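Peer 1: Okay, here's what each chain looks like letter by letter:
2 protein chains.
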Amino acid sequence: MSTTPPPDPARVTRVTCVGAGVIGGGWVAHFLARGYDVTAWDPAPDAAGKLRRLVDAAWPALTQLGLAPGASRDRLTVAETLEEACADAQFVQESAPEKLELKRELLAQLDAATPAGVVIASSTSGYPMTDMQTEAADPSRLLVGHPFNPPYLIPLVEVVGGERTDRSAVEWASRFYEVAGKSVITMERELPGFIANRLQEALWREALHMVANGEATVKEIDDSITEGPGLRWAFMGPCLTFALAGGEGGMGHMLDHFGPSLKSPWTRLEAPELDTALRDAMVAGCEEAAAGRSIADLVAERDQGVIDVLRATGRLPKGAAE
Amino acid sequence: MSTTPPPDPARVTRVTCVGAGVIGGGWVAHFLARGYDVTAWDPAPDAAGKLRRLVDAAWPALTQLGLAPGASRDRLTVAETLEEACADAQFVQESAPEKLELKRELLAQLDAATPAGVVIASSTSGYPMTDMQTEAADPSRLLVGHPFNPPYLIPLVEVVGGERTDRSAVEWASRFYEVAGKSVITMERELPGFIANRLQEALWREALHMVANGEATVKEIDDSITEGPGLRWAFMGPCLTFALAGGEGGMGHMLDHFGPSLKSPWTRLEAPELDTALRDAMVAGCEEAAAGRSIADLVAERDQGVIDVLRATGRLPKGAAE
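Chains as they are written, first to last, in the working numbering: chain G, 1 to 322; chain W, 1 to 322.
Hints listed in this document are in silico derivations from the structure and should not be mistaken for laboratory results.
In this text the structure is predicted, and so the values were computed from the model without any measurement.
Mixed in with the good hints, there may be bad ones.
As the list claims (entries may be wrong) - The calculated lysine-lysine pairs, modelled on DSS-like cross-linking and capped at a C-alpha distance of 25 Å, are: (1) K263/W x K99/G; (2) K99/G x K50/G; (3) K50/W x K99/W; (4) K99/W x K263/G.
Unchecked claim - Here are some chain W residues the structure puts well away from chain G; computed CB gaps all over 12 Å: (5) P6; (6) A79; (7) E83; (8) D88; (9) D166; (10) N213; (11) G237; (12) G246; (13) G259.
Yeah, the Cβ is synthetic: ideal placement off N, Cα and C, and Gly gets one too.
For reference, chain G alone in the conformation it holds in the complex:
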């Protein structure tokens, strides 16, 4: 474990992004828009041009959202070497291709090239850091900071360390991402696919099965989400929205009512046993997530949210007034 204390998360001014594809380039755009100096490196020969095009494409959206004071595309430097990119980094975000061996070696190289105590985060979509930090001299500062595409617009970052990651590094990264404008879920333990990816991967695999079996087309799958549950999920998660299907009885009534359907062949994924412990955990979890809001409050909130989302995306119901 390193002995140099990392900089205060709120005082970071320089970020290094390694890997400049869709995700890495998206991180570059995000950090530039939030007013950081960004140094990027990518081994591809045409990486700099592609990266600048990606940042240019994102910039109108970021300008519309509002740039941080001093934010500028001119504050991007594309380094010639990994060592140059990391030499004075205050934080490193790695977004290399999803290949375990490559990640292992790259993280070891980054660790060797980055000042002691500086946190190095991987954008990996699903590899546990425990499996990736095996080659690094100082694995204590290596962790996962998993974003969603595009990282410059989707707030979520899932932060989780590996077995050899220092708890202080996890806390530092969570705080840094928050300062940098992200919405952070700090996970207490490693879970393949983290949280959001497990959920969307289950949906995605069911979709792939349906296409593979001629049960639905790609367009039907996409439409069924954007015209259906996707409208709710933009602002209220699947648990709270399902709680509202239970009427005034909430999640408890919903589980009691639809419990038997849980064994229906509605997806290829087997359901867990809906025993008392799970039922009670879901009910208690929804109460916690509701944070004092009554079912009526949540219904009103959901209704307003759906209307706002429909209006914002130009989809008020046919015949409705503007």
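Go by the hints and put chain W onto chain G.
Peer 2: Only chain W this time, still in chain G's reference frame:
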């Protein structure tokens, strides 16, 4: 099969809603707001009061969206009996509890009480109509019209007949729902859970497993969706959004790049074989869904959509200007 032709879907003025819980009551609110006369029936003793409270709770949202000319809560009649409710129906929407035997008997009763030729739709979340239409004298006009909660705001209706449903009834219902302001997916064949429910059920079961195993809390699950993929799914489905993860190479590159991850233990749902046929089907399906829009067009559309949704739901990134 009945011989009386059903009314022109565009000239329907009277709708009957049987079952007045969360879904049935939501249908009542929707049809009232779209300017229909609505007759409702529910066997519960306090059904009328509950129904009127539900409609009252929904009305501000519906008023905000814009009511159809002549729309009024006064056009709701709560019938004393099922027979009275159906006597002059031009369309019947059944939203009884999810119990197969109950649905079977109720649909037979509705068929007996409703004028010949009038279409009867079930809101069932997942029973195939083939299994529900067994007791009815005229099963040809029975079909599924599956809504999402709340039916007065979420546009999607999945329409599908059973083995004994007449094709013309399916076409009539699809057209009727469109006239009534819904977004319709007409399915060519029965599939347990239809389309959207299969997708959201896969996600939901993974969520239940995670809570059951202490892998994530209800709040983390909900936050991971609303701060992550849920923002995109409000206006762009999972297939097209994943295509954008492939950069300029789109879905093809995405599948080639993330293909190996498909076998990762990111969810409890086994992935299908990503063979050439499935790969090509996904690529072709995304091209169809994109309908001529380039990857750059889709990226710009996604970016604008996420910004609009964030702004509409009061969640511009921290530090961003309004």
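Peer 1: Tell me, in ascending order, the numbers of any earlier hints that this structure violates.
Peer 2: As far as the earlier hints go, 10, 11, 12, 13 are violated by this structure, in ascending order.
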